[in-house]
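Asks: Could you put together the complete structure from these sequences and hints?
Chains A and B supply the protein sequences, listed in that same order.
Taking our numbering, the leading residue of the first sequence gets 1, the next gets one more, and so forth.
Taking our numbering, the leading residue of the second sequence gets 1, the next gets one more, and so forth.
Read the hints as simulated data drawn from the structure, not as lab findings.
Quick caveat: nothing in here was measured; it's all calculated off a predicted structure.
For glycine and all other residues, C-beta sits at the position ideal for the given N, C-alpha and C.
Incorrect hints may have been included.
Claimed, not checked - Pairs of lysine-lysine, DSSO-like flavour, derived with a Cα cap of 27 Å: (1) A:Lys24 x A:Lys68; (2) B:Lys68 x B:Lys57; (3) B:Lys42 x A:Lys78; (4) B:Lys42 x A:Lys68; (5) A:Lys24 x A:Lys78; (6) B:Lys42 x A:Lys24; (7) B:Lys59 x B:Lys69; (8) B:Lys42 x B:Lys68; (9) B:Lys79 x B:Lys63.
To be verified - Pairwise CB distance ranges, derived in the manner of DEER restraints: (10) A:Pro81 x B:Ser28: 24 to 32 Å; (11) B:Lys57 x A:Gly16: 46 to 54 Å; (12) A:Ser66 x B:Lys68: 37 to 45 Å.
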Amino acid sequence: DAGVIQSPRHEVTEMGQEVTLRCKPISGHNSLFWYRQTMMRGLELLIYFNNNVPIDDSGMPEDRFSAKMPNASFSTLKIQPSEPRDSAVYFCASSFRQGLAGGPGGQETQYFGPGTRLLVL
Amino acid sequence: EDQVTQSPEALRLQEGESSSLNCSYTVSGLRGLFWYRQDPGKGPEFLFTLYSAGEEKEKERLKATLTKKESFLHITAPKPEDSATYLCAVQTGRRALTFGSGTRLQVQP
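Replies: Structural data, given as structure tokens:
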């Protein structure tokens, strides 16, 4: 299994430019999560999808951030326009949800990709 | 609001010196508590999931335990390759993970 694949691994851009981060989840997984990691705030959820549908985007910082999941094997996180404070490591994670929605099941393990290190100058 | 606190922030051990890392949490409706290991420049690597108080899991030199308020990651006779940041996270009905700030472990030969 190739695991979660993210690209690019490193991105350096100038303030105001558009940045697109990409993620390929583990085959067969039905949930995908985007996290951001900084020294100050640690790992924080941005958004997650279940069966390609966005479920919780309460962690998206502002309208400059958008995420899509057009199919089960691909997701993008876009920042437009980018700002220096967006500099961070962005992780994608995927999982397979078991059990019934709202029931005692739904237990799952999230597997993380290697991350994209973003620097906005 | 879900809260996860890890201690200590950093820990330096000699090879073979056993110790424990702590993860205390305040959540409503815990579905699972997760331990991850993160090496510099890499994504978190899954170690354990604990679902109910009293549960224990082991993997090589690591053992994780869970109570109603906290979890411990016990490291027995650590080796230099155990050096990493260990992250604790909780999952509730919201399903996304809430992470602690991590414990940076350094094991010296």
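Asks: Please flag the earlier hints that this structure goes against, numbers listed from lowest up.
Replies: 8 and 10
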